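**Student:** Working from the sequences, and respecting the hints, build out all of it.
Residue numbers (the working numbering), protein chains in the order written: chain U, 1 to 372; chain C, 1001 to 1262.
Just so you know, the hints here were simulated from the structure itself, not pulled from any lab data. Treat the numbers as computed from the prediction; the structure is a model and nothing was measured.
Okay, the calculated beta carbon distance ranges per label pair: (1) 1218(C) x 356(U): 49 to 55 Å; (2) 263(U) x 1077(C): 19 to 25 Å; (3) 1236(C) x 356(U): 48 to 54 Å; (4) 278(U) x 1236(C): 42 to 48 Å.
Positions of the beta carbon are idealized from the N, C-alpha and C atoms, including for glycine.
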Amino acid sequence: MSSLTPRSWQGYAALVLLVGALLLWPLVSATPGYGMATTVLIFILLLVAIEADNFPPMIGVALLFLGAHGAAWMLLAGITGNEGSARGSFYLLLVAAWFLAWRCVTVLSSFRPTSRWASTALRLVIPAIFGAWILIIWEAVTRGAGIPFILLPPPSAIGARIVGSLPVLGADVRQTIFKAVIFGYVVGSIAGFLVAIAADRVPFLRRGLLPIGNMVSALPIIGVAPIMVMWFGFDWQSKAAVVIIMTFFPMLVNTVAGLAASGHMERDLMRTYASSYWQTLFKLRLPAAAPFIFNALKINSTLALIGAIVAEFFGTPVVGMGFRISTEVGRMNIDMVWAEIAVAALAGSVFYGVVALFERAVTFWHPSVRGG
Amino acid sequence: MTGASPAVVSASKLGLTFQTNDGPVQALSNVDLTIGKGEFVSFIGPSGCGKTTLLRVIADLEKPTSGAISVNGMTPEQARQSRAYGYVFQAAALYPWRTIERNVALPLEIMGLSRAEQAARIKRTLDLVNLSGFEKKYPWQLSGGMQQRASIARALAFDADLLLMDEPFGALDEIVRDHLNEQLLELWERTNKTICFVTHSIPEAVYLSTRIVVMSPRPGRVSDVIESTLPKKRPLDIRETPEFLAIAARVRDGLRAGHSYD
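**Tutor:** Laid out in C-alpha cells, this is it:
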C-alpha cells in the first residue's frame, strides 16, 4: 500500500509515536481515564492527518489541521478529572499531534496565493497556529503533569481569570497605560526631540547636555521611582515622571544621530539655495532623521510600559498593573499575576504595532521599508 | 567671442590651500579665468587637479585662501545669497521622500514662490528635460539617467542664468550620457544660460564646450585654455569630423603636458 505511506518526516515521526503510544497504553494512570471511544477517535484523527499528504494539497492541509488540532483538543478535554496522572502514551500522542501541526504549517508556508486577501490570511494563520501550539503544550504539560498552580497555572485558568476580572483589569489598564504611560511617553519623547534640536542649534548645549542626558539614562529606575513618588505623589503623575526619564534619552540620542544622517551633497544643495537653518531642518534634516526618530519611538513604547509598571511597586493608589502584580503575588493569586502579564504583553504589542504602522506610512521612502 | 560679453565669473590669482592632517594641500594655485555670458566652459583634468574645487569656489561652497573671484560682479557669497546659479552634483541628490515634482519644487519653496508659480515652473522645466508624465513618481522609481535629468530640472527651475555642473553624467553609461549631452546642448541653446561643466571625459568636453579649460594637479592649476572652433549646432556625429578630433588631440596634449610635470 505504497500510496498510503506518509510523505514527510513529520508524518513518519507521528506514525512511530502513534505505535509507541499504543504500546504504552493507557494514556493516564488515574481512573476514570479516557473512554474507549475518545481514545479510538484520537488515534483515528492522527492517522487521518498522517495520511493527509496523499490527498490534493488543499484537502490535505484541511485534514492535517483538523486531525492535529482535533486530537489535541480531545487530549486536553480528556485530562479533566485525570490531572497529574498522564503517562508516556499521553505525551507521545501530544507530540505526534504537534508534529502534524508542524507539517500543516510547512505545507501552508509553501502555498503561493495569488490574491491579496489569501496572502494576508495566510500571513495571519501561520503565526496563529504557532502561538496556539505554545498554549496547547503549556496547557497539556501543566495539567498532565499536575504542575502546582503557584508555579505555573495552565493558560485556560489564566484565560478564565482574565474573563472573570475584566473590570479590575480595565481599571488597571486605564490607570497605568492611559494615564502614566501615554502621558509620560508623549512628554518624554517630545522633550527628547526638542532638546536634540536645541543641542543641534547651540553647540555649547551639545557639549553640555549630551553627557548629562547620558547620565540621566543611566540612573537606576529602582532608585528613581521612590523619589518620584515622594516628589509627585502616589497617583499616576509620579509614574509618568519615571516614564519621562526613561523615554527622554533614547529620543535625544536617536534624534541627534538622525540630524547628522543627511548626506553632504544634500546639505550642499540646500546651501546653494541660500536656505535658512530652519528651512534646511524641516525640508531635509528632519525627514532624513525620521527613521532614527521612529526607532526611538519604538524603543520607548516598550520602555514606557516597563517603567510605569515597575514604578507602581513603590507606592500607588489601589489600582494599576504594577500594584496588582505586586499585591497578587503576595496573596498567591498567581493566575491574576499572569493575567496582568498577558494584558501588558498585549498592550505593549498593540502600542508597538501602532508606532510601527505610523513608521511605515511616514518613512515609506526608506530602503528598509520599500524593500531595495 | 568672450571679450564682448560681460563677465559672469572672473577669477584672478585664485588660490585655495586645504589644511589636512598630512599638512597643507594646494588644491588651486594662481587660477586666472574669465567666463563670459552664454559661454559653455568645460573644466577637464585628472582627479586631484582642483576642477571640482574651482566649481565649488564659484558656488561659495569653499572659500578661496588667496586671490580674488567675482560672480555676476558680486562676491560668491552674495551671488549665492541672491540665488545666482543652479548647481548639479555628481549624483542626483534627489530627496527620496519627495516626488519628482516636489523635488523640482524644493528650491521654489525655499525661495517662497506662490503655489501657482511653482506649478507653472515645474511643468516648464520638466518639459525642458523631457520628464513630463513622471511628476508623481518617486526618485527611486526612475532610472539613473532620469534621476539626473530631474536634478537638472531642479537646478533650472528658479531660472538662474548660471548653471554649475559637477560631472553630472559621470555615473551614467555611455549611451545614456550621449543622449543627455545632446539634450544638454539643446537646452543650452534654447535658454542661453552660462554653463560651467566639470568632466573627465575628453569627447564630452569637446562636444559640449565653447571653451575647454585643461587643468593639472599638484598644485591644481590651469594648464591650457582651448577655444572651440566647432559650430554652435552640433549633431552627435560631429565627433567623427577632423575638426573635432584636432581639438580632442589638443586637449589630450594639454593633459599629458600637465602630467609630465610630476
